[in-house]
Each structure stands twice: as C-alpha cells, then as structure tokens.
Amino acid sequence: MKDSFQRTLWIARVTFLEAVRQRFFAFLMVLGTAMVLSSVSFRVFDFGHGELKFIADFGFGGMFFFGSVLAVVMTAQLFFSEMDNKTALTLLAKPLSRAEFLLGKFFGAWAVLGVFVVVLASLLGAVLWAREIELVAAAEQAGKIPTTFSASGLLEFVALQWLRLGVVTAIVLALSSLARTFLFAVVVGSLAVVAGQLQWIAQDAVLKPTDSVVYEAFLWVSCRLIPNLQQFNIGDALVLGSAGVPAGAVSTVALSGLFYMVAYLFVGALIFRRREI
Amino acid sequence: MRRFAPWVASFALIAGAGVFAEVSWRSVRPSIPEIGRKDLEPTLGQGVLLGVLGGLRTVVADLTWIRSYVLWERKDRAGCEALMRAACALDPYSRYFWEHTAYVVGYDLAHWEIRRRGGYDKVPAEIQDRLFKTYARRGIDIIEEGIARSKVTTPLVLSAAQLAEIKLKDHKLSARYYKQAAEAPDAPWYAARICAQVMWEDGRRQEAYLWFRQFWISRMLPRDDGYPDDLKQLRTMEEVLGIRPADRIPRPSWER
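As they're listed, the protein sequences go chains A and B.
Per this note's numbering: the first sequence = residues -19 to 257.
Per this note's numbering: the second sequence = residues 706 to 961.
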C-alpha cells in the first residue's frame, strides 16, 4: 500500500513538473491574470451592480473559463504525450499498475490546477481588497453603507473551484483512457464540461411532474451520469453575500465533488486497464 | 457475470454520486440566481449561455444589456424585450435592469406597436388606450418580479407606482405602491406627498388627508426641518376639506 502510494506520488510529481513547464499553462495563467487585473478598467461597462460584484465576476469568470480550458486540454495533452512518445510503455513495464499511473496523472494535473486557482484567487482577493478600502472610505463620506467582500468566502469558493476542476480532470482522464486521439478527448471533454454546467436544467426538470415515462427516465439517467458542475458556482453568495448559503452546504457540495472524482477515476482506471498501448 | 462486476460497480458509483449531487444541489439551489429555459430560449446564439455556464454572469448581463439597446434603437419589440429579460435573469439582484426593462416595456413598446399598426392617426383611440394599459400592466408585472427577486425594493415599488399612475391610470394601485414605498425605512422624502396627492386625485380626499397627516406627524415632523412644504400641502388640504381650526394640525413654532 505504501509502495503503491509512493509510486502514484512519483508519477504525480513528474506530471506536475511537466505541466508547469508547459507554455500552455503559462499562457493561460497570463490570460487569467490579465482578466482579473483588467476588471477594474472595465468598470465603465457596469450597469448598477455593486462594483465589487463586477470585479469578482471577472475573477470567477477567469477561474471558470481558463481553468476549464486548462483542465481539459492540459490533462488530455499530458496523457496523450505519454502514449504518443511511448514513455507509458516504459513506465508500465516497471512495477507500476495502470491505476497508479492514471491516479498519478490525475493528482499531478489537479495540483497544477490548484496552483492556477490559488494564484488567480490571490490576485482577485488583492484587487477586491484594494477597491474595498476605497469604496468604504467613499461610502463613509457619503454616509452610506459600504459594500464589502468576505475573504473566508473567497477561500471556500477557491476550494470549490479546485474540486470542480478536479471533477473535470477525472472526466477527461476517463475519456482519454477510452479515446484514440487527443482531439477526440479534448472535444468530448469540453462538451462534458458544458453539459455538466447545464445539467441543473435536467435536475430542475426532474422535480416537475411529467406524463411521459420515457422523458422522465431520460432526465433521471442524465442527472445521474452527467455531473452537476453548476453547484460549485456559488461565488456570489459566498464572497459577496448576495444570497445566504445554508450551513453545511459548502461541505455537502465538496463531498459531492469528491464522490464524482472517485467515480470517474474508477471508470477511467477500468477502461485504461483494457486499453492497448 | 464476474466480468461485468466492475462495470456494474462503476455505474453504481456514478449513479450514487449523482444521487448525492441531487442532495447537495438542493442545498445550494437558493444561493444561485435562477434562470430558466424560458429566459434562455429566445436569446440562444447571442452569447447569453456563456453567462449561465459559470462566472462572468455580471459581465454577460452587461453585454446583453448593451445589445438590447441596439435592438431598442431598431424598435425591435420582441428582441429588445427578450434580451432585457435575459439581462434581468442573469443578474436578478440589479435594480437597474428590472427598472429599465419595466420602463421600456411599460412606456415604449405600446408606442412602437401603434406605429407598427399605422400610426396614431390610424389606430383608434380606444385601441391605443388598451395597448398603453396592456404594456403598462406588463411593465408592472416585471417590476413585481424584480421586487421578488432583487434585494432593492423601495425604488422598484416607486417605479411601479409611477407606471400605474402615468400609463395604467389606476390611481388606487398607484397610491397603494406609493404608500408601500413611503412606509419603507429607506423611503425618499417625496413618496408620502405623492401618495397623498394620488389618493386626493382619486377622489379619496378625506382618506388622503388623514393618512398624510398621520404620516407627517409621526415620520416627518421629528426629522430634519420638519418638512415645511409638506405641511403647506396639508394646510391646503385642510382648507379645501373645510376642517375646523380646532381639528387642524397644531401649529409648530417654525411655521410661517
């Protein structure tokens, strides 16, 4: 067990180093950073929202959009580079199981996504904090109630985003285990992200009564097989307190994310075990 | 059978995760602004979907709003309303979107419709009146939805009162909204005065005077300068209603 853990960790470490050296990671990091920092300049396009909300939304958007692109493309690229360069063959010839290899890939890619999310969230926190000081001073002068943001809420949101990207990574790995080409894994992985973000429409529809058994069965299966990625999207409520978050809701969502990750990694390992390399 | 066991297990795992996700989704559902299929469908292909996917909701709402104004300039009734409603759905906490959508629907759409039917000379007056009232009612419905979904209520209630007064010509409804706004903790100073005026114009003169008098004594007199202009209006009401001097509001020291 200990040896297995060490082997997985070793693969994860190598994957992490390989990923952070990629230009693609640096490119997306620069884009995400630019998006967060430029949010202050885009305030002129804001129509009556709280200013902090507008800035926060830019950061959330950057984390969601570039994070998803990174999770899909980087994970598939890391997996297929091992296949195409035949390094996977060399690695798997050693006492390393396919499940350990896949888990190592997962943890390596997930760690990179953690770095990405933490860097963007730190920048977002700094921008929000700097603007909050100015807004509080202005509000005090005008005798109004100042708008503020919650740093602990931002931390919770970061954790949730990291888990969401973990679920995406697990799905892409499962797809990559099945796919023959990098392009297929990226396209289907991207569609899975979009489907996951819109899954709640099916989930809401399930709760409404319907006459068609086939439709109901279709919705039921869709809700169980496609992950609900929208549930991680409660940044407004957590960071700006736009709506209350019930006690324990964040941990329930986090647990749900972990369940999804385990389930998709299990499927991925199962498919990868039968794959011809 | 043994061959399929891992696949059955993996299906059960995913289904289990799905069942748990339903529980977690229910717990966070109220924290996420609702946007339904009916809000999305008329705007498909215009980038609104990006706002629903995650993050960027405010930004997409703003861009949708800008795009709706392009359609407003073209007087495209359906497109303009659909995009404005989409902006409201994307950011339901924004007072601006609700208020301006209601204004456009309540004040502008009827004019566009009349022009589309041939202009003010061709469309009979009663049909024009019906159109103004129909769209005003829709505008008020939008504000009602905004009141329910956004956090800012008093300014929206005032907008509803204005629409009811000017376009719907329903003074009873308008007075009810003005009263609701005036009695709110963040009521603007003019809400009570207009409320009394609307009630007065509706023929409920005695009721208007009694309500405004009570409001002025309890809410206005102790604050700031005592609101002398409102007292002046109350004195005019007392004159018109012929209230005996002994029953009138006692004269404050500062009254001229």
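Keep in mind that the hints were calculated from the coordinates and are not lab data.
Note that beta-carbon positions come from the ideal geometry of N, C-alpha and C, so glycine has one too.
Treat the hints with care, as some may be off.
Pairs of lysine-lysine, DSSO-like flavour, derived with a Cα cap of 27 Å [unchecked claim]:
id: 1; chain 1: A; residue 1: K124; chain 2: B; residue 2: K872
id: 2; chain 1: B; residue 1: K780; chain 2: B; residue 2: K872
id: 3; chain 1: B; residue 1: K856; chain 2: B; residue 2: K884
id: 4; chain 1: B; residue 1: K780; chain 2: B; residue 2: K874
id: 5; chain 1: A; residue 1: K124; chain 2: B; residue 2: K856
id: 6; chain 1: B; residue 1: K827; chain 2: B; residue 2: K856
Just so you have them, the derived chain B footprint on chain A, three or more residues with Cβ under 8 Å [claimed, not checked]:
id: 7; segment: 166 to 179
id: 8; segment: 230 to 243
These are the hints, each one checked on the structure:
no., hint, result
1, A:K124 to B:K872, "violated (33 Å)"
2, B:K780 to B:K872, "holds (19 Å)"
3, B:K856 to B:K884, "holds (19 Å)"
4, B:K780 to B:K874, "holds (25 Å)"
5, A:K124 to B:K856, "holds (16 Å)"
6, B:K827 to B:K856, "violated (43 Å)"
7, 166 to 179, "holds (count 3)"
8, 230 to 243, "holds (count 8)"
Of the numbered hints stated above, those contradicted by the structure are hints 1 and 6, listed in ascending order.
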